[in-house]
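Novice: Please arrange chains E, V and R on chain S, whose structure you already have, making use of the hints.
There are 4 protein chains.
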Amino acid sequence: MMPRVTENRQQFASDNLAGMCPESAYWFNLANASGHVPAYGDDEWTESVCQAMRELFHADCDVYFVFNGTAANSLALASLCQSYHSVICSHVAHVETDECGGPEFFSNGSKLLVAETADGEDAGKLTPEAVEALILKRKDIHYPKPKVVTLTQTTELGTVYTVEQVRAITDAAKAHGLRVHMDGARFANAVAALGCDPADLTWRAGVDVLCFGGTKNGLPVGEAVVFFDRKLSEDFAYRVKQAGQLASKMRFISAPWLGLLEDDTWLANARHANAMARRLYERLQAIPGVEALRAPEANAVFASLPPGTAQRLREQGWSFYEFIAGGGCRFMCAWDTRPESIDAFAVAIAAAV
Amino acid sequence: MMPRVTENRQQFASDNLAGMCPESAYWFNLANASGHVPAYGDDEWTESVCQAMRELFHADCDVYFVFNGTAANSLALASLCQSYHSVICSHVAHVETDECGGPEFFSNGSKLLVAETADGEDAGKLTPEAVEALILKRKDIHYPKPKVVTLTQTTELGTVYTVEQVRAITDAAKAHGLRVHMDGARFANAVAALGCDPADLTWRAGVDVLCFGGTKNGLPVGEAVVFFDRKLSEDFAYRVKQAGQLASKMRFISAPWLGLLEDDTWLANARHANAMARRLYERLQAIPGVEALRAPEANAVFASLPPGTAQRLREQGWSFYEFIAGGGCRFMCAWDTRPESIDAFAVAIAAAV
Amino acid sequence: MMPRVTENRQQFASDNLAGMCPESAYWFNLANASGHVPAYGDDEWTESVCQAMRELFHADCDVYFVFNGTAANSLALASLCQSYHSVICSHVAHVETDECGGPEFFSNGSKLLVAETADGEDAGKLTPEAVEALILKRKDIHYPKPKVVTLTQTTELGTVYTVEQVRAITDAAKAHGLRVHMDGARFANAVAALGCDPADLTWRAGVDVLCFGGTKNGLPVGEAVVFFDRKLSEDFAYRVKQAGQLASKMRFISAPWLGLLEDDTWLANARHANAMARRLYERLQAIPGVEALRAPEANAVFASLPPGTAQRLREQGWSFYEFIAGGGCRFMCAWDTRPESIDAFAVAIAAAV
Amino acid sequence: MMPRVTENRQQFASDNLAGMCPESAYWFNLANASGHVPAYGDDEWTESVCQAMRELFHADCDVYFVFNGTAANSLALASLCQSYHSVICSHVAHVETDECGGPEFFSNGSKLLVAETADGEDAGKLTPEAVEALILKRKDIHYPKPKVVTLTQTTELGTVYTVEQVRAITDAAKAHGLRVHMDGARFANAVAALGCDPADLTWRAGVDVLCFGGTKNGLPVGEAVVFFDRKLSEDFAYRVKQAGQLASKMRFISAPWLGLLEDDTWLANARHANAMARRLYERLQAIPGVEALRAPEANAVFASLPPGTAQRLREQGWSFYEFIAGGGCRFMCAWDTRPESIDAFAVAIAAAV
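Residue numbers (our numbering), protein chains in the order written: chain S, 21 to 373; chain E, 21 to 373; chain V, 21 to 373; chain R, 21 to 373.
Simulated from the structure, these hints should not be mistaken for lab results.
Treat the hints loosely; a few may be bogus.
Heads up, the list lumps identical chains together, so a pair's fine if it works in one copy or across two of them.
[What the hints assert, rightly or not] Using 25 Å as the maximum straight-line C-alpha spacing, the simulated SDA-like pairs for lysine to any residue come out as follows:
no., residue 1, residue 2
1, Lys251, Asp160
2, Lys159, Asp118
3, Lys159, Ala195
4, Lys194, Lys251
5, Lys251, Arg314
6, Lys157, Arg332
7, Lys251, Gln71
8, Lys157, Gly328
9, Lys159, His111
10, Lys157, Val134
11, Lys157, His111
12, Lys194, Asp255
13, Lys157, Val112
14, Lys157, Arg350
Only chain S is shown next, with the shape it has when bound in the complex (with noise of 0.2 Å):
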């Protein structure tokens, strides 16, 4: 039995769940129509998508695309360090609670540093003053070395570190001698939010190597790995080879970044799921019992539910991610989450409050 093709209800536990946007579809669709294609990116496809990368952000650099977030933020870091150093990130940072131990994997055992983070508007966010303390926490060989800090645009708190705060990281960062990691799983509804230049966000505020995020913004699978500075994108093709993470049929993976560039549809999908959140916040606002954590600067909202809620909610079907520690729900918008489901999921948590 065929699963049913008739859409689902939207749902808010991630922005993963949402398909790929027509503009990204329309370029797959079409690479494949050109039949025979050389492998492994030696192709216009790819060579178009890189050059537009380029332009985006007025700058040289080398372009890697990879299958996912994991494999991209892993195989960025592995680049930077080896394992018997150290990444400093955030103790809510992806890289340390949601990739299975990804990058400790791929470095052969790089250790990560947990910084501890605010709470308010800048939760989530590493400071330049929590860098340097993990940076000089230890000088002697029995613990590893820190080499890398990692940043996650936007946070896993949904909050968005503005540029000024980018580049206070990195100057602490660089002053001891470390290399600089962006996750930009969510790059795209950072760079709506703040209205700025893509290449003001990175490598003009010190950031060596970016990961961006085309999944959650409309890709159906893959990341780019975009290194501003080349000398650490040395033999960087081979290491992507090695660890699996190189397309055969390399187009439908380079092809729809086409449908996310042209025409910045990329901003436009970041700035939709952006608005939605923003929509469900004011909803949220009008219910009695509900807390909204903060308000949202992308396309997550932080909420706290009155007892029992949430499981109301899961029983007629919502789906969401709740946090083990009670109360506190996260709703993520995605670049097709439209304003109507928005105001329904809204009905349906006022009536199960």
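Specialist: Frame of chain S, contents of chains E, V and R only:
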């Protein structure tokens, strides 16, 4: 400037130059039409494919979807041995020659022990004698202990193991406590060539794990790892996740398999490719100076061209694989190779001789 | 210019500042007198030590000799889990804080999950509740699956798990299918403190693998990895060899253990070190302004010194370990620490206060 | 029951059957007499040996002490390449045949590319042509990129590279950007055979890193890793620590080197072993039916014995290494091999023929 969308000339460098077949494209796009779908494989599409696989193999096998063949083979092998064990393969095995050390990387150092193989009609095949000789070669702890035999079906030289040949090798392996892995990047072509039941060629013949190739058979991206012994796949889902091989939007990896499995499209695709190789072989027979190394059993034709011929063909834009040690060429046919492409290529070869 | 050969002042930085005890030196040199001896452990000395270990533990345990504690712990842990598994330890565990990522390296990426521990008399000890909380914290494949609990005996904070406490932890671990490893760098000091049978503190209490420390107890180099369950040590000899931990002239690593095990020298050495710690503790009690954090159970004294004291002692050439977060110091006593060294140090502290 | 302490009959299986030489034993025990000494190499003994090494090599080299040859070679190679690189070695290289995949493990998957070597007087030696052929064999990312050449001095077949031969190989390597490692498990025997300056045979001939063997030359345990280019040893101390190769009581590993280096005992030991091999070779020449494969250049004699002879010698308790593929035997002489042992063995062989 965007890549051209007219269809390119069909080529013979590899069967991964072809795009996706209409049936897999159909399901790929259908899966997209479902809107929001649970991530990481917890969806109906993926469950349907797994169920279809179990029916295909008449077995309660455990099925995982990963992004490419390097990952499929490397993860499967890593699950069968430890870093201080070794893996027996043929000297032309893809895991040895074309995965950039992927198996060694994923297993954290397992050594590949390479067996020479015969020429002639069994070219590229392991023999029970060669396998046993490698198993018995060393018994001391200064050399990695053999733990797995891997065989490629169809082989890298285009030959096809018979069911009896597979059984002979698995018997040799199991007599010494080794496990057996089948690299089935072109498993479909082998089944099509033999006209046998997939179960007879795998678990009934002693194969523990099959990497079932989808990409070369008509998928855009993705291979299946099929464990016939569920004890061997314990925690394999964690392994896949950590290794960056778990797709968040899994439906795009799994649903296209429905296109292959429904109505035995996978077999039809393979039979067609095999037939095209046979057609090319027959055309080459008629060209003086061209010597086919053996009659094709599946979708690869190996032939020796007169000096200078390959060079001239390349200059005319033909793409194929040429062996370093002179003269020998490999021509691969794909699920979409057209008879007229074969004929045009044969005409070009005849003219270039 | 060659180093001086007069005996240095005794210090308190670590029990690994001491040399080898006369008994182990005796056997070391005796082993040398045998002339040609089979390599890699296939010798009588090594067999004798293994047999003595089996008698000591009243068990048919499988014993391996490696060069140091990092290797012993890392190899033992790696043999109990895969890269996508995790290891539960205390936040002060040596494997977490002082092995430069060794466990992560040898296991190819296993994550250490760190449990906070209590202050007070059980400082530094895991509790069954904390262990179970970590086991249950996450059940999804995005986080490494807990597979091992490791406890350090004596703990890094100088406390000693009772037999009942060990049992409570192994019960919690085994209720969830986890294995238990004991880092016994100072196992001798614990047995001396408890006055129990070594078997009661290990396998009879549910410990699967013990790293039995020899270096701090009076050996020049070397630790023993003791598997109480031989199923867990399958092919461990290969693991040791591959990891560069197999001594060719093994007798020099194994024979000195005869000096420790014969006539219970290991216990006498440990009892002496423990007694010296008690003596130091009593001396410190008499110094106004110095506050011992707890009565020593084994050979470590933890105390808080008035501001500036530590600095003055260092200037006088005294060596000990000072915690970053101010004031707290660790004083370790060794198998060879002399009462007059204790007294001299106490006098120096009193003067420096 | 304790092992016997009478001296065993001298054997010829390996030069690691011998114990430690008196000079290294002297310093080993002298180091013990110092009482408390700083741990982890921060001691005068270690500093003295490093200084002596620098004088020996007339270079400001960076020196590390590790426990055995597998670790020395594997760590050195890992420091020169990444997992997706490859290491060129001879087909008889110890790293390929007798380290149980250690190099692959420590480098997380680097592949060894094996060059066939000639027979005759250059048996076991790499040639510049073979090295270059492997470098040029593949240039695509599907195969690990060659990054290091490793040569063994003396070779595993007992031959000795001349200074010119080393230079020819390092020239070939460096012309293509590769680094050069020398496995010097028997470096002393090579220097003794050539009568050259150690600097001429290493860095002046283009060697980047030397693993200087101590164990076979008369130490109880330990090898030195000597970096002639300090850029290559950046953070190597961390690598050693993480890999479980940092001795806490380092003086016991380093001090015995003083015994070797003082008064050129290392050379005297090697010369003696070489002379004993020459003596054995001459004795074998006189035995009908015994055919020495080549005149010994260092401390190994390779000879072919008539059928059944090896078996009879073994039954009489003689120990030596016999090649699987019939007849060929290896007889190793050590720093302590006595002339009368040679003569007795020759008599036994003559009787067994």
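Novice: Please go over all the hints and tell whether each is borne out by the structure.
Specialist: Hint-by-hint comparison with the structure:
1. Lys251 x Asp160: between (28 Å within a copy, 20 Å between copies)
2. Lys159 x Asp118: Answer is between; shortest inter-copy Cα gap is 12 Å, intra-copy 29 Å.
3. Lys159 x Ala195: within (15 Å within a copy, 38 Å between copies)
4. Lys194 x Lys251: both (16 Å within a copy, 20 Å between copies)
5. Lys251 x Arg314: neither (40 Å within a copy, 47 Å between copies)
6. Lys157 x Arg332: between (46 Å within a copy, 23 Å between copies)
7. Lys251 x Gln71: within (19 Å within a copy, 35 Å between copies)
8. Lys157 x Gly328: between (43 Å within a copy, 21 Å between copies)
9. Lys159 x His111: both (22 Å within a copy, 19 Å between copies)
10. Lys157 x Val134: Intra 12 Å, inter 18 Å, cutoff 25 Å: intra and inter.
11. Lys157 x His111: both (17 Å within a copy, 15 Å between copies)
12. Lys194 x Asp255: Intra 23 Å, inter 18 Å, cutoff 25 Å: intra and inter.
13. Lys157 x Val112: both (20 Å within a copy, 15 Å between copies)
14. Lys157 x Arg350: between (33 Å within a copy, 18 Å between copies)
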